[in-house]
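Undergrad: Line by line, the protein sequences are chains A and B. Each step along the first sequence adds one to the number in UniProt numbering, with nothing skipped, and position 291 is 291. Each step along the second sequence adds one to the number in UniProt numbering, with nothing skipped, and position 125 is 125.
Any given hint could be a false lead.
Derived DSSO-like pairs (lysine-lysine); straight-line CA-CA distance at most 30 Å [to be verified]:
hint : chain 1 : residue 1 : chain 2 : residue 2
1    : B       : K355      : B       : K283
2    : A       : K89       : B       : K355
3    : A       : K190      : B       : K50
To be clear, the hints were calculated from the coordinates, so they are not data collected in a lab.
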Amino acid sequence: MVVIAEIPSTEYVLNCTSACAGCGDSLALRYVLKAAGPDTILVMPAGCTAAFQGVYPKTAYALPVVNIAFAAAAASASGLSTFLRAKGKKTKVVVYAGDGATLDIGLSAVSGAFERRTDFLYVCYDNEAYGNTGMQRSGATPIGAKTTTTPAGKPEIKKDIDTIIAAHEPPYQATACAAYPQDLFRKVQKALTFEGPTFVHILTPCPPGWRYSAEKTVELGKLAVKSGIWALYERENGKLVISAPTKAAMKKPVPLEEYLAPQGRFKGIDSATVALLKGRIAENFRRLAAEEAGS
Amino acid sequence: MRKISTGNKAVAEAVALARPDVVAAYPITPQSDIVETIAEFVAAGKLDTKYIPVESEHSSMAACIGAGIAGARTFTATSSHGLTYMHEMTNWAAGARLPVVMANVNRSLAPGWNIWVEHSDAIQERDTGWLQIWVSTVQEAYDTTLMAFRIAEHNDVLLPVMINLDGFTLSHIMQPLDTVEPGDFIPPIHLPDPVDPAHPAGYGTIAGPADQFRFRYKMEQAMQDAKAVIAETEQDFARRFGRTYSAAEEYRAGDADVVVVALGTLGKEAEVAVDILRDEGIKAGSVRPRWFRPFPDLDLAGKELVVIDRDYSFGFGGVLAHEIRSKYLTKVFSVIAGLGGQEVTYDDIAEFVRKRRIGEEFWFGVSDHV
C-alpha cells in the first residue's frame, strides 16, 4: 500500500498543458511519471497526450519525449531500449499510448515488441475512443457507447487487450484507473522493477468524450471500478492478484446504471445492452476470481 | 582482397565494416539475404551489432528511428512492398534528421504479384527527404554502402540514405569484388542532441506552420549541402582505395550527339550499346546518374537524350525523363522499359537510340513503332 506521502511531489507534467478540463489522462500521466522518476524517456504516438504537451519549441513535460507516428511507438521503443541497454544504460523506456494507438493501429507493433521481450513499460491510457481527433469509436469503445462514428451506440463489445497482452506472457501487467492514483502509482513503480516488457492499462475518464461534467472525472473513475465495468488487478509472472477496490466491488457492486447515467455517451442505451454489460461484468468477476484462486 | 560476391552479400559485408549499433529488419524478396548475412555475422560474433527482428517494415524503420534518436548508427534493408509499407516512417526518419542507411533492392509493386526489378518502389519515396543513389555493379554496391554511412552522418547532411540496387539483376548476380580495410574512413557517429533524460526535450513535438516551414527549408539546404559532402567522400574514397565515383557516371558522352540516360544496371548496360553505336558511326554516349536525390548537375546542353525509365508516374510519364526535361529544358525521347523485370539488352538500348523520336514516349514491348 502506497500512502500519499510516498508519492513524490515532483511534477513532470507542468502547469501549461492544453489538456481539456477534467482530463483523466493528464491525471494518470502525472502519477505515471512520478512513479517512473527522472531517468525516463517517454515514447509517445499520436494521441491526446502528444497533443497537449504543447507546441515547439516548448514542452509541458519535464522528461524527454520521443514523439512518433501512431503505429510506431512500440517498435521505436524497442529500438531505443535495445540501444540504451547495449550501451549499459538503465534509463527507463516508457511508451505512453492511447487506446487507439494500442488496441487498433499499433497492435502489431505492440505484439512484436512484447514477443521480442523489449525491456520497456507500455502504458495504455484508455478513454475508450479517439479523443484527440474528436471522439470516434476505437476498439476500446464499450458496446452501447455513442461516439461520433457510432452515433446510435457502438454495436460491438470492447476489445480485450489485457488478455491479448497476457497471451504474450509478460513478467508483469496490471490494470489501473486515473481515479485511484495510489494504486496506479504503485503498479507503475512495480512494473518498472521488472526486466522485459510490462504493461499497465489505465482507464482515463474523458469529460468531452464520455459527455459528463468536467468535475466528475474522479467520481466516474470510481464508479467504473465500483460497478465492476473496469476491474483492477495485476498479474505478476502469470499470478493474478485482484486489487482491493475490485475485491470490494466483487462483494458488493454498485448498480451499473449509476455509472452509465451521468454519461451522455450512454444516453438512450437499451435495456438488452445494459443486461449484456452486466452479464459480462459478472462473467469477468467469475473469471478473475477463478484465476486468482488458481482453479 | 579479391573475391566473388553477389550484390546483396557485398552490401552486407560493407555494412559490417561500418559497425552499426542497431540493425532492425524484416525479410522480403529479393532483399532477404542482406539482413540474413548480417544476422549470421552477429550470431557468429563477428559483428557487435544489436539485431532486432521486427514484425514489419513499418517497425523496422520505427526501431531504427527510436535507436537513432538516442544516437545510434542504424541500418535496415527492404524492397518493394516493404518500402511502401515503411513509407510513413521514411518520412519520419528524414524529418527527424536521422542518418539511417538503408539498402533497397528495387522490385515491382503488385498487382500482378511480381518479384522482379523495377524502380517504382524507390521512386515513390522520391519526396521524403532521403538521399537516393542507384548502383550498377557488385563493387559499386559495396563501395557505395561504405560511403553512405559517412555521407548520411556528416553534420552538414544528417539525412537518411537509400542505396538502390536492382532486384536479381544485381542483388543476386555474382561479380568480382575487391574488399577494403576501411580504417578511419567512416568516423564514429556523433549525432547532435541525442535523447537524454538529463536534458529533457521534446523530439518531434507539434510544430506550428512557421517552424515546420523552417524545418523543411533546412532539409532542402542539407540536400544541397550533401552534394559537396558526397563529392568529398567520393574523392577521399578514391584516394584511399583507388576506385573513382561521381554523382553521375559519364561514358563517351563528352563529344556525343545523343546520350542515353538511365539508372542502375540499365545505365551500365547502356555503355555497351554506346560502343556498338559508335562502331556504326553514331556519336552516342551515356550518362548514368548515381545520385537521384540530390539530383546531380549534368552537362547535357545541345545533346539529344534517350532517357530510359524503369518506373512510371501514371497520368504523367517516366519520372527520370520528366525530371531531366524540367531541370534542363531539353527534349528527350522517353523510353519506358524494364518494368516488372522485363529483359532489356544492350542491343535493345542501341535500337532505342537508332530509332529515337525526340519529344515522344515509347513503351518498350508495347508500342509498335520501334
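Undergrad: Each of the hints needs a verdict: does it hold here or not?
TA: Now the hints, each set against the structure:
1. K355/B / K283/B: holds (14 Å)
2. K89/A / K355/B: violated (65 Å)
3. K190/A / K50/B: holds (28 Å)
Comparing the model with each numbered hint stated earlier shows that hint 2 is the single one that does not hold.
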